[in-house]
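Q: With the hints as constraints, model all of the structure from the sequences given.
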Amino acid sequence: MTRIGRVWRKSVDGRTAALYLLPSIILFSVFVFYPMFRTIYLSFFLTDQTGNAAIMVGFENFVYLLGSSEFQNSMKATGLFVLYTVPITIILALFFALLANEKLKGIGFFRTMYSSTMGISVAASSVIWLFMFNPSIGMFNRLLGVLNLPQIQWLLDPEWALLSVSISTIWMNIGFSFLILLGGLQNIDEHLYESSRIDGAGYFYRLRRITLPMLSPTLFFIITISLINAFQTFGQIDILTKGGPSQSTNLIVYSIYREAFINYQFGTASAQAVILFLIILIVTILQFKLGERKVHYQ
Amino acid sequence: MKMGLASKIWIYFLLIATSAFVFFPVLYAFMISFMTGPEIIQGKFFPESISFENYSKVFSRLPLLSYLLNSFIVSVSVMLGQLVVCSLAAYAFVFFKFKGRDFIFFLFISTMMIPWEATMIPNVFTIRKLDWFNTYQGLTLPFFALAFGTFLLRQHFLTIPKELHEASQIAGLSRFRFFWRVVLPISKTSLVTLGAYGFLTTWNMYLWPLLITTNQSVRTVQIGLKQLQSQEIATEWGVVMAGVIVVIIPTLLLLFLGQKQLQKGLSQGALK
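Each protein sequence line maps, in turn, to chains A and B.
Under this note's numbering, think of the first position of the first sequence as 977, with each following residue one higher.
Under this note's numbering, think of the first position of the second sequence as 89, with each following residue one higher.
Worth flagging that the hints you see were computed from the coordinates, not collected in a lab.
Only a predicted model underlies this, so the values are computations on that prediction, with no experimental measurement involved.
We put the CB at the ideal spot given by N, CA and C, even for glycine.
Treat each hint with caution, since some may be false.
Stated by the list, open to error - The calculated lysine-lysine pairs, modelled on DSBU-like cross-linking and capped at a C-alpha distance of 30 Å, are:
#: 1; chain 1: A; residue 1: K1218; chain 2: B; residue 2: K217
#: 2; chain 1: A; residue 1: K1081; chain 2: B; residue 2: K348
#: 3; chain 1: B; residue 1: K352; chain 2: A; residue 2: K1265
#: 4; chain 1: B; residue 1: K276; chain 2: A; residue 2: K1079
#: 5; chain 1: B; residue 1: K187; chain 2: A; residue 2: K1265
#: 6; chain 1: A; residue 1: K1052; chain 2: A; residue 2: K1218
#: 7; chain 1: A; residue 1: K1218; chain 2: B; residue 2: K145
#: 8; chain 1: B; residue 1: K348; chain 2: B; residue 2: K276
Unchecked claim - FRET-style restraints, in silico, Cβ to Cβ:
#: 9; chain 1: A; residue 1: G1055; chain 2: B; residue 2: R216; range: 29 to 35 Å
#: 10; chain 1: B; residue 1: Q225; chain 2: A; residue 2: G1055; range: 35 to 41 Å
#: 11; chain 1: B; residue 1: R189; chain 2: A; residue 2: S1171; range: 38 to 44 Å
#: 12; chain 1: B; residue 1: F194; chain 2: A; residue 2: I1083; range: 23 to 29 Å
#: 13; chain 1: A; residue 1: L1119; chain 2: B; residue 2: K145; range: 24 to 30 Å
#: 14; chain 1: A; residue 1: I1238; chain 2: B; residue 2: E254; range: 58 to 64 Å
#: 15; chain 1: A; residue 1: S1171; chain 2: B; residue 2: F111; range: 35 to 41 Å
#: 16; chain 1: A; residue 1: R1182; chain 2: B; residue 2: L115; range: 30 to 36 Å
#: 17; chain 1: B; residue 1: T323; chain 2: A; residue 2: L1042; range: 43 to 49 Å
#: 18; chain 1: A; residue 1: P1134; chain 2: B; residue 2: F112; range: 25 to 31 Å
#: 19; chain 1: A; residue 1: L1183; chain 2: B; residue 2: P151; range: 51 to 57 Å
A: Encoded structure:
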């Protein structure tokens, strides 16, 4: 047998494996890697209406963005939105998960209630909240009315709009975070609690010394996912505020969408997409660096 | 664990109060969907009578039935596509030894750091070039490959004893038959988890269908909601809420039935 033949035979595993991996590799190439490189490429160009690169401008698009008050505004809104939503969502979900982890009669019902928002789409949730925020017939202003407090133009007041969108987003994300955290809590070994109970340790002592440290990998995971999700927010903005009033809720993905598909400025839109990519890359790397040190794996 | 009566009551109180709080918006939307215009303006919580008028109205204003069907076709397609593509890849990572496996694995991981929104502009152009606007393949195919799904299944495949694989090779079972007859049946729970996850996320997808559908032919319910909301906003909230309830029922049912499974499966996949 020739040498080539032997090499061919020896690599049979590799070739068969390639067959199994091929669908994923082709799809990732076409719909993830190629468009990512293309986005980076386009960010250095001015484009025509159909999105073809027309004039190479180097870093002009980025220089323009960093100097534009519109983009600065969008970055600020995105940052604030992340700050408003992520910590509160996780704290609430953790509280609910701790409650739902007690072994009581009918606990399954409560678990279903807490996780319900995961089954409700962003579009449907946004429409429900749009009604609740309605200044004249929405329940929030009715409630304020009953309490004799001044009415708030929830989604129409630049001071309140981002906060209102954040409140609705917290609600939308609670179901998923709850489900993940509850799963994490249930993976904790019962024996750990039994030995501590003999010493007469109280609930909060056990929470601090056993539950939270053992839950840290799950917490770490859900914090990373929530951060990334928050930077990708789109649907609720499109339905609730359209980025307004006076751009106070123009989060980065909405800003990319508008720049690309309404203004047809694909160059600057791509530059924003590259910035979004970099932010998420940094968040992920930071999380992993911090996570390595802080997280306690079983 | 033994719990005192007082703390039991206290926990039940917290459970009831907080879960009612979480579920309130859905319940509220449900109530509104049965109300007439004047009832909504009066700010009632319970409708005076249960009438399905808003529901029949929403089906006549929008081609909601066809949107529902579209959403169903798209969600099932993505679910099946993900199951096939991800399980094939996961199988290769676990049961094959080949050069460059670590590198390819790294490539898969790296896709998780690329936010989908950062690639959407060229993706829209790709779909346009393929002439896939307003087609099911344009709505579904880009989502078949999923790194998260591959990891989830890989985790489960790794727990299959190596001896089983060796025995099957001695018995002369082909690679594919081992995958089809042994690996997949053993991993049913993970496949169900991934399937439910895929269906749920696709049903709820918003931005991509918004970009890819320009007419009603393959439009999904989520975009239908946006349409409904912008048409009816000023006057008929009851009709809008009826639309909302129709759209959330399939996924809520799926979640209620599969909540336990999903919670177990997702948290396992999350923690290597």
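Q: Please go over all the hints and tell whether each is borne out by the structure.
A: Consistency of the hints with the structure:
The suggested pairing of K1218 (chain A) with K217 (chain B) holds, with an alpha-carbon distance near 29 Å, which does not exceed 30 Å. Note on K1081 (chain A) and K348 (chain B): the hinted pairing holds, with a Cα-Cα distance of about 16 Å set against a maximum of 30 Å. Annotation: proposed proximity of K352 (chain B) to K1265 (chain A) holds, straight-line Cα distance about 27 Å (limit 30 Å). Of the pairs offered as hints, the one joining K276 (chain B) and K1079 (chain A) holds, with about 28 Å between alpha carbons and a cut-off of 30 Å not exceeded.
Proximity of K187 (chain B) to K1265 (chain A) is assessed by CA-CA distance (about 29 Å); at most 30 Å being required, the pair is judged to hold. Between K1052 (chain A) and K1218 (chain A) the alpha-carbon distance is near 17 Å, which keeps this suggested pair within the 30 Å criterion. Restraint check for K1218 (chain A) and K145 (chain B): the C-alpha separation of about 27 Å stays at or below 30 Å, so the hint holds. Our distance criterion of 30 Å between C-alpha atoms is met by K348 (chain B) and K276 (chain B), whose separation comes to about 15 Å.
In this structure the supplied range 29 to 35 Å holds for G1055 (chain A) paired with R216 (chain B), their Cβ-Cβ distance being about 34 Å. The given range of 35 to 41 Å is respected by Q225 (chain B) and G1055 (chain A), whose C-beta atoms sit roughly 38 Å from each other. Checked against the given bound of 38 to 44 Å, the beta carbons of R189 (chain B) and S1171 (chain A), roughly 42 Å apart, stay inside it. Between F194 (chain B) and I1083 (chain A) the CB atoms are about 41 Å apart, so this pair departs from the stated range of 23 to 29 Å.
The beta-carbon spacing between L1119 (chain A) and K145 (chain B), approximately 29 Å, falls within the hinted interval of 24 to 30 Å. Range check, I1238 (chain A) to E254 (chain B): Cβ separation about 59 Å, and the 58 to 64 Å hint holds. Between S1171 (chain A) and F111 (chain B) the Cβ separation comes to about 37 Å, which falls inside the hinted range of 35 to 41 Å. Hint check: R1182 (chain A) to L115 (chain B), Cβ distance near 35 Å, so the stated range 30 to 36 Å holds.
For T323 (chain B) and L1042 (chain A), the Cβ-Cβ distance of about 45 Å falls inside the hinted range of 43 to 49 Å, so the restraint holds. A beta carbon spacing of about 28 Å between P1134 (chain A) and F112 (chain B) agrees with the range 25 to 31 Å that was offered as a hint. The given range of 51 to 57 Å is respected by L1183 (chain A) and P151 (chain B), whose C-beta atoms sit roughly 52 Å from each other.
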